[in-house]
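Protein chains in written order, with the numbering used here: chain A, 1 to 198; chain B, 199 to 300.
None of these hints come from the bench; they were simulated from the model.
Here the structure is a predicted model, which means the values were calculated and not measured.
Do not rely on the hints blindly, as some may be mistaken.
Claimed, not checked - Pairwise CB distance ranges, derived in the manner of DEER restraints: (1) B:A204 to A:L43: 14 to 22 Å; (2) B:E275 to A:I20: 31 to 39 Å; (3) B:I282 to A:L130: 37 to 45 Å.
All C-beta atoms, glycine included, are put in the ideal place defined by N, C-alpha and C.
What follows is each chain in one-letter form.
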Amino acid sequence: MPVLLIGALPQPITEAPLVILIYGVLVLMLASALASVLLRNTLYAIGAFAATMVLVALLYLALAPFLLFAVQLLVFTTVSAALLLSLLRQTSGLASTQDRFSREWIVGAAVAAALLALLVVVVASTSWPLGPTTNAGAGFGATLTNTYVVGLAVLAVILASSALGSGLLLAAPTLPSTRGGGTTRPASPRGGRSARRR
Amino acid sequence: MSVGLAVILVASAALFAVGAFALVARRSAVLMLLGTQFMFTAGGVAFVAFARFGLGATHATAGAAVTMFAGATAVAELAVGLSIAALIYREHRSFSVDTDRG
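Extracted from the complex, chain B is given alone in its bound form (with noise of 0.2 Å):
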């Protein structure tokens, strides 16, 4: 039993897809966001393997460095969205993103 850039590519995947589905499925703001972050983090997994099983030594550093990147911006985009989802609260008390559509 080995692990490979297949198998955490793989696991990569599937946590974009779990974030495809908060995002399509769930109708909280709060829960489509934990969804892009999810997305994100997915992201920055199949940087980090490229980095380890792939292109080692051409770009050693280079997939933590863009990782760094991706979660920093992730973090920055759950700000913005978190108050936006405040504001939905405020003003609907509820965090449903749907709200008048009834």
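Just chain A, same shape as in the assembly (with noise of 0.2 Å):
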């Protein structure tokens, strides 16, 4: 039985400044992710993942429901780059202590080339179906709450959960390991008592 269309098909967006905005911020995208990864200190490379996750988001309000747009944003960004700081403020291991250019490195330059390799050639010799497009923004919040209910609740579970979980792995004492370490609170930066016993 045929499936009867109703809408336009998907268009490729061709507006001039939507075009620049959405090439622009892929490439600024992928720049600040590469930035994020080589980058050696990691209060940079946390700044430039958080700047990875606000380009991302502008991605998402050029091309999904803005309720996407402001999670991701609102939610998303703020809460990864929170996380990441406060991990920071616990302790202080800023500086990389891996060797530039380090044999794991060609290994993962390889792996990585080889996985864009495939992908680009999946996409490139695939024919993706289409399907006819209505205003997508109009029916996100329904369905998430109707639809994707039970998603729903099973993410905040997860997420409950995983904050629970993080917190309890962060609150309890370390056991004392063969090579003397263990602690119940991270040492001081500025001298406190030391987390490994000498």
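Got two chains here, each in a separate frame; can you build the complex from them with the hints?
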């Protein structure tokens, strides 16, 4: 039985300002993601990561319902950056101890290049199915609370349990190791008690 | 010049590759977690692109909904992963995940 087409088939975006915006966002997003991975200072890497998340939110603003943009910007970006920065406040491990261009970097670059080549070949050689488009933003909230209400509930449980679990992990004392590590509190970067007994 | 499905998917693939690079090449637990975040985000971008340019009305809001679920799952994973990274730091005074290898 043929499916009735209601609405127009999706077309590429051709408006010049929007096209320039999307290309600019994509280039900046990849550049900041690369910077986040390559920078040796963890604080700068977290800054580049937050910039990447903001640029992804801008991409969602151009392509997806506004609610997704708002959630990406206000929840995911903020929570991720806050979690990372709070970890760095507890510790002082800002500088990387890894050598630049070590053997792992060559292996990582090879794996990343192979994955990228595979995905590009799949994208280029596949004829993706098309369907008629409607206003995607109109029923997003209703879709979340009706069609995906079970997923939303499961997600709430996952988020709550991860928050509880991470809090318990951070609060729990570590077991003394054979190397003499283990403490109930992280050492102060300004010369507090060392975690490793020498 | 136009923006279609292929452009967004290639950018998504590049972001996924950057995340995979971080996961394989970096020893710092924090940077490895950032790599997994990039891989989650790349999946979300692909879902949004398919919802916008692919099977539109059939799954008009499904792409955005799945992207939201993926993002929230990524944040939950980050929370637990950072807690584990904090424990690694307390034990070894470093975020390096292969300290024992010397």
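Evaluated hints:
The hinted window of 14 to 22 Å between A204 of chain B and L43 of chain A is violated, with their beta carbons roughly 36 Å apart. At roughly 34 Å, the beta carbons of E275 of chain B and I20 of chain A sit within the given window of 31 to 39 Å. Distance hint check: the CB atoms of I282 of chain B and L130 of chain A are about 43 Å apart, consistent with the given range 37 to 45 Å.
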